[in-house]
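S.K.: Single-letter residue listing:
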Amino acid sequence: MVKVYVPIDSTALSLGAERTAKKIMQEAQARGVEITLVRNGSRGLFWLEPLVEVETAQGRVAFGPVQPSDVAGLFDAGFTQAQADKAKAHPLYLGLTDELAWLKKQQRLTFARVGITDPLSLEDYLAHDGYQGLKNALAMSGADIVKAVTDSGLRGRGGAAFPTGIKWNTVLNAPAEQKYVVCNADEGDSGTYSDRMIMEDDPFVLIEGMTIAGIAVGATQGYIYLRSEYPHALKTLNEAIRKANLAGYLGENIQGSGHTFHLEVRRAAGAYVCGEETSLLESLEGKRGLVRFKPPLPAIEGLFGKPTIVNNVISLATVPIILDKGAQYYADYGMGRSRGTLPIQLAGNLKQTGLVELAFGATLRELLYDYGGGAASGRPIRAVQVGGPLGAYLPESQFDTPLDYEAFTKIWAVLGHGGIVAFDDTVDMAKMARYAFEFCAVESCGKCTPCRIGSTRGVEVMDKIVLGKNHPQNVQLLRDLSDTMLNGSLCALGGMTPYPVLSALNHFPEDFGLSNKEAAA
Amino acid sequence: MDNTLSHEQHVQIQAHIQAHQHVPGGLMPLLHAIQDDIGYVPESVYPEIAKALALSVAEVHGVVSFYHHFRSHPIGKHVLQVCRAESCQSMGSAKLEAELKAKLGVDYHQTTADGNLTLLPVYCLGNCGCSPAVMLDDEVYGRMSADKVTALISEVCHG
Numbered sequence: 000m001v002k003v004y005v006p007i008d009s010t011a012l013s014l015g016a017e018r019t020a021k022k023i024m025q026e027a028q029a030r031g032v033e034i035t036l037v038r039n040g041s042r043g044l045f046w047l048e049p050l051v052e053v054e055t056a057q058g059r060v061a062f063g064p065v066q067p068s069d070v071a072g073l074f075d076a077g078f079t080q081a082q083a084d085k086a087k088a089h090p091l092y093l094g095l096t097d098e099l100a101w102l103k104k105q106q107r108l109t110f111a112r113v114g115i116t117d118p119l120s121l122e123d124y125l126a127h128d129g130y131q132g133l134k135n136a137l138a139m140s141g142a143d144i145v146k147a148v149t150d151s152g153l154r155g156r157g158g159a160a161f162p163t164g165i166k167w168n169t170v171l172n173a174p175a176e177q178k179y180v181v182c183n184a185d186e187g188d189s190g191t192y193s194d195r196m197i198m199e200d201d202p203f204v205l206i207e208g209m210t211i212a213g214i215a216v217g218a219t220q221g222y223i224y225l226r227s228e229y230p231h232a233l234k235t236l237n238e239a240i241r242k243a244n245l246a247g248y249l250g251e252n253i254q255g256s257g258h259t260f261h262l263e264v265r266r267a268a269g270a271y272v273c274g275e276e277t278s279l280l281e282s283l284e285g286k287r288g289l290v291r292f293k294p295p296l297p298a299i300e301g302l303f304g305k306p307t308i309v310n311n312v313i314s315l316a317t318v319p320i321i322l323d324k325g326a327q328y329y330a331d332y333g334m335g336r337s338r339g340t341l342p343i344q345l346a347g348n349l350k351q352t353g354l355v356e357l358a359f360g361a362t363l364r365e366l367l368y369d370y371g372g373g374a375a376s377g378r379p380i381r382a383v384q385v386g387g388p389l390g391a392y393l394p395e396s397q398f399d400t401p402l403d404y405e406a407f408t409k410i411w412a413v414l415g416h417g418g419i420v421a422f423d424d425t426v427d428m429a430k431m432a433r434y435a436f437e438f439c440a441v442e443s444c445g446k447c448t449p450c451r452i453g454s455t456r457g458v459e460v461m462d463k464i465v466l467g468k469n470h471p472q473n474v475q476l477l478r479d480l481s482d483t484m485l486n487g488s489l490c491a492l493g494g495m496t497p498y499p500v501l502s503a504l505n506h507f508p509e510d511f512g513l514s515n516k517e518a519a520a
Numbered sequence: 000m001d002n003t004l005s006h007e008q009h010v011q012i013q014a015h016i017q018a019h020q021h022v023p024g025g026l027m028p029l030l031h032a033i034q035d036d037i038g039y040v041p042e043s044v045y046p047e048i049a050k051a052l053a054l055s056v057a058e059v060h061g062v063v064s065f066y067h068h069f070r071s072h073p074i075g076k077h078v079l080q081v082c083r084a085e086s087c088q089s090m091g092s093a094k095l096e097a098e099l100k101a102k103l104g105v106d107y108h109q110t111t112a113d114g115n116l117t118l119l120p121v122y123c124l125g126n127c128g129c130s131p132a133v134m135l136d137d138e139v140y141g142r143m144s145a146d147k148v149t150a151l152i153s154e155v156c157h158g
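Residue numbers (numbering that gives the first Met the number 0), protein chains in the order written: chain A, 0 to 520; chain B, 0 to 158.
Worth flagging that the hints you see were computed from the coordinates, not collected in a lab.
Possibly wrong hints are sitting among the right ones.
[Unchecked claim] List of simulated lysine to any residue pairs, SDA-like, C-alpha gap at most 20 Å:
(1) Lys234(A) x Asp35(B)
(2) Lys94(B) x Lys21(A)
(3) Lys50(B) x Arg287(A)
(4) Lys234(A) x Ala375(A)
(5) Lys21(A) x Asp35(B)
(6) Lys234(A) x Leu135(B)
[Stated by the list, open to error] Covered stretches of chain B, as calculated for chain A (at least 3 residues, CB under 8 Å):
(7) 56 to 65
(8) 88 to 94
(9) 97 to 111
(10) 122 to 135
Beta carbons: idealized from backbone N, C-alpha and C, even for Gly.
Same shape as in the complex, but just chain A (with noise of 0.2 Å):
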């Protein structure tokens, strides 16, 4: 029986899959077309969702985007057999899928299962060398897992990008009866999806990283501290838990291995501060998300005051790759001191959106054009915005910058999760640049003044200055108030929102009304 898939993830789904999906399987019975309906994960070409795919002896032939409306003729042009000349002939016939340009150049590492399998088939995760990583690291001691996660050189792609392997030694070094692993899975930075995927069409992934983390360094107690806006990824990761702990992958005597991992989902409430991994903390404990000092670290007093690691989505579910195939294997791919690959996310106004993992050093212009086919619009790209709401906005003059983390840094711009969101040549920055006080204002949580009363403050300004009053010592209230945040916030939410307004107001000071002069002095 021939096989035809339809994506399940939320943003097909958002394009209409689930008709696409029903109406396929009522031409079939209707039509008497013997088919077997697969619900795979979305392969991350947007612009072409919902995507259906047909298996062939030659590979997935891919048809899209399929409307309800198209299903009638597709039927007609016989395309379950996908590679006879009259389905090739149908308008929305795309050829092997592999053979796309999107995804061809792609190095899909923590990505490499996505939209491949049936994202709650754990037979489907075991076949495409799902549990190799645990496997391996079942016959390793803790201390030889987190070398291997430390020698690959990952580091948090939540955005902080610091060495996930330094962060595991601390919690296994430090001397408790109970330590935790907490997913921080609140990914609420616009511009970004990567996470979301990840937990909707390869859950597995992420249940199998977090084992191993908490095998590695002696937490029996999983979190997975989901925002409240997933819910597609709430269902998914309840019902590969549930099959996990059936499989013996998870609860009591992992695998024979005398190991102990329990994990749960716990709903996040729409807080965008709980990303911040104190205040995430502070939320899963079952109070009010203030972010706490540091120190003490939270690998060493973290939930309920015990050793815990706090990871993203994207660093957990990259280390069954890693201890699968090695830490060579991973550290192979990036440059500098950025190893590995980045699950990019292109957003916004382009016109091909979706997902591209590749190794760090491919620069924004090959994302934006080659990849992205420049704006949705039709328009000039004017700026973009890359690693979410609190990421510096670009000029067209910094797109020859490599996805690295520290080319961003040198350019007072950050990499972040990987998000970038493009802007055509109508965006008004100054707008933007009030915005990103207005979103810090709604979302701080209220514990450090310069967040509490500077992004207000920051709303104020931005508009008197849009206004033009008093305007050149309004922009040095702007700069002032901003090295304030700056430096005297407790994370990086108020600490960072001066990088979206700054950015603007530098790159961009003609929508400021400043001529380049003026906002250079």
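Could you slot chain B onto chain A? The hints should help.
M.R.: Relative to chain A, chain B alone:
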């Protein structure tokens, strides 16, 4: 006893409190469970929650009011969240929100006169590849326009 709550709702809340009483960090999951069933977390039950979890009423109030997701008062039958974040702005969400507010006759955090729909802002739905995005109840929709959202509302909320 809160007279606005039915007997059945009281029973549900009691069951949730009992189930979460001894869960480490159980307040957040408890509030979610109550809001999932009742639609909000009634202030009248704060004392019971506080007592069961060995907290003060102020602490319960503090948590409910800190998080955007939780609410202490009932809202419309359906919830429409419109994304205000940067990616959606780059694809015209400011126009979309203005048009939706005008069409629905409500501002953010308000409910339509028929009690059917509450409009809320949201900062990222993780659908940034298909901006602008909205979420109607538990489903996300991408590449939206005011007309498309209005059609969705008729289908989901009046269908």
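S.K.: Each of the hints needs a verdict: does it hold here or not?
M.R.: Hint check results:
{"no.": "1", "hint": "Lys234(A) x Asp35(B)", "in the structure": "14 Å, holds"}
{"no.": "2", "hint": "Lys94(B) x Lys21(A)", "in the structure": "33 Å, violated"}
{"no.": "3", "hint": "Lys50(B) x Arg287(A)", "in the structure": "18 Å, holds"}
{"no.": "4", "hint": "Lys234(A) x Ala375(A)", "in the structure": "33 Å, violated"}
{"no.": "5", "hint": "Lys21(A) x Asp35(B)", "in the structure": "28 Å, violated"}
{"no.": "6", "hint": "Lys234(A) x Leu135(B)", "in the structure": "17 Å, holds"}
{"no.": "7", "hint": "56 to 65", "in the structure": "holds (count 4)"}
{"no.": "8", "hint": "88 to 94", "in the structure": "holds (count 3)"}
{"no.": "9", "hint": "97 to 111", "in the structure": "violated (count 0)"}
{"no.": "10", "hint": "122 to 135", "in the structure": "holds (count 11)"}
The structure shown violates the earlier hints numbered 2, 4, 5 and 9.
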